[in-house]
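A.B. asks: Here my numbering is used: the first residue of the sequence shown is 279, the next is one more, and so on.
Hints may contain errors.
Listed below are the simulated DSS-like cross-link pairs for lysine-lysine, each with C-alpha atoms no more than 30 Å apart in a straight line [to be verified]:
#, residue 1, residue 2
1, K485, K438
2, K521, K435
3, K507, K485
4, K412, K509
5, K525, K376
6, K383, K509
7, K509, K525
8, K555, K425
9, K383, K525
10, K425, K516
11, K555, K542
12, K509, K521
13, K543, K560
14, K543, K396
15, K438, K425
16, K544, K376
17, K391, K507
18, K319, K344
19, K537, K555
20, K456, K438
21, K383, K485
22, K376, K360
23, K525, K537
24, K435, K446
25, K456, K446
26, K555, K396
27, K544, K525
28, K446, K412
29, K412, K495
30, K357, K376
31, K544, K391
32, K425, K525
33, K543, K555
34, K383, K560
35, K306, K319
36, K412, K435
37, K446, K495
38, K391, K516
Hints in this document: simulated from the structure, not taken from any laboratory.
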Amino acid sequence: MDPSKILGFLQNPLVQLQDECARHNATKLRNVELTEDLENKMAKIYELFAQRDDLMEDIGATQTAKMGLEKQNAELIGKLEKMNIAMQELITERDSYKMEIQAFKEVAERNWKEDYLKRILELQGQHDIALCDKDRMIHNQGEQHAKQIEDMDLELKTLKTQQEQHAKELNDKDLAIKELEARLSAAEQNRKEVVTEPTQLHTELGKLYLELQEAKKPQEALMARLAAKNKGIEYLTKQYEAKLAAKDSEIERLTEIVKDGEEKKKIRMEMVANLRKTIFAKESEIMKKFNAMRQEAPQSPKLLKPEPSIEYEDIGPRRSNRKFRSELHHHLVHLPLIIPHDGPIFPPDLLLNRQQEIVTEQ
């Protein structure tokens, strides 16, 4: 045997052993590295499991929140549907109210016109009767006054005739007195002696003077009577003129009453027109408010688009009805009404009472 081969054979196991040791150490080192890598990967796996659990919890919370939002959305949709139904009911009720109010306005206006025309006709009839009575009374008083004036004229004519007769008698007596005075003056001129006793001429002259005084007394009484008659005529004339002035003022007052009635009729017609304008303006204002609120509030695409004219803010149907009725009640209470001097022809509480009856029926 070759000694080199023997030496080589003896050296090969040692080399192999060394190689095995080296491989073993390398394998051991590799195992350590693999173990560390495995531990790191296991730590990462545990971390990923923890993240997965957190994500599952987040997903569960998200699902819970989603279910809550879906439930809330369903509740909101239900509320919107209820609000839409309530709104439709309010619209129907409003339309019925409008129809009732329109019918009531027509009936009230027709009744008011009939009552007003009836009252005007009655008042005109009363005025005509009063004017006829006053004209008849004025005519009768005028006839009486004319008769009194005729009687006074006849009496004045009689007194004038008597006065003329008395004047004629006085003239005759004045002529006799003048003749006696002429005779007396002639006798005095012819008389030469003074006599102490009264002569026959003086006696006749005294008698004539006394007769003259007696004749003047009826004339003075006649003049006094004429003055009293003139005063009576003046008093009756003034009284008749005062009565005529009173009748004229009464006629003017009745004319003013008729004119005032016409003016009040015109004012009432203007009041009805203003009432209609106010109702239309109120409905337009309510419609504008509701449209503005409808634009601001969120709506579901499944719901119908209503056209209400009643404003509401998260309220139920009954509260909306009460608000509408209170607004209408306030509007009717504050209407301007005109009361004539002889009492209202159209009762001012009729509209309010009718509205209260409608509210009670509802």
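A.B. asks: K391 and K507: Cα distance at most 30 Å?
C.D. replies: This hinted pair is violated, its Cα atoms lying about 59 Å apart.
A.B. asks: So if I understand the rule, the pair passes when the alpha-carbon distance is 30 Å or less; does K446 with K495 pass?
C.D. replies: holds (15 Å)
A.B. asks: For the pair we were handed, K391 and K516, check the Cα-Cα distance against 30 Å.
C.D. replies: Roughly 46 Å separates the two Cα atoms, so the pair is violated.
A.B. asks: Verify the proposed pairing of K456 with K446, using a straight-line Cα cut of 30 Å.
C.D. replies: holds (15 Å)
A.B. asks: Taking 30 Å as the top limit, are the C-alpha atoms of K525 and K376 close enough?
C.D. replies: At roughly 53 Å apart (the allowed maximum being 30 Å), K376 and K525 break the hint.
A.B. asks: Is the hinted pair K306 and K319 satisfied, with a Cα-Cα distance of at most 30 Å?
C.D. replies: holds (19 Å)
A.B. asks: Given the hint that K555 pairs with K396, test it: the Cα-Cα distance must not exceed 30 Å.
C.D. replies: holds (27 Å)
A.B. asks: Straight-line Cα separation of K543 and K560 no greater than 30 Å?
C.D. replies: holds (26 Å)
A.B. asks: Taken at face value, is the distance from the CA of K438 to the CA of K456 at most 30 Å?
C.D. replies: holds (26 Å)
A.B. asks: Run the distance test for K412 versus K435: straight-line Cα separation, threshold 30 Å.
C.D. replies: violated (33 Å)
A.B. asks: Next pair to validate is K412 with K495; report whether the Cα-Cα distance is within 30 Å.
C.D. replies: Not satisfied, since the Cα-Cα distance of roughly 47 Å exceeds 30 Å.
A.B. asks: Are the Cα positions of K521 and K435 separated by 30 Å at most?
C.D. replies: holds (28 Å)
In summary, the numbered hints that this structure violates are 3, 5, 6, 8, 9, 17, 18, 21, 28, 29, 36, 38.
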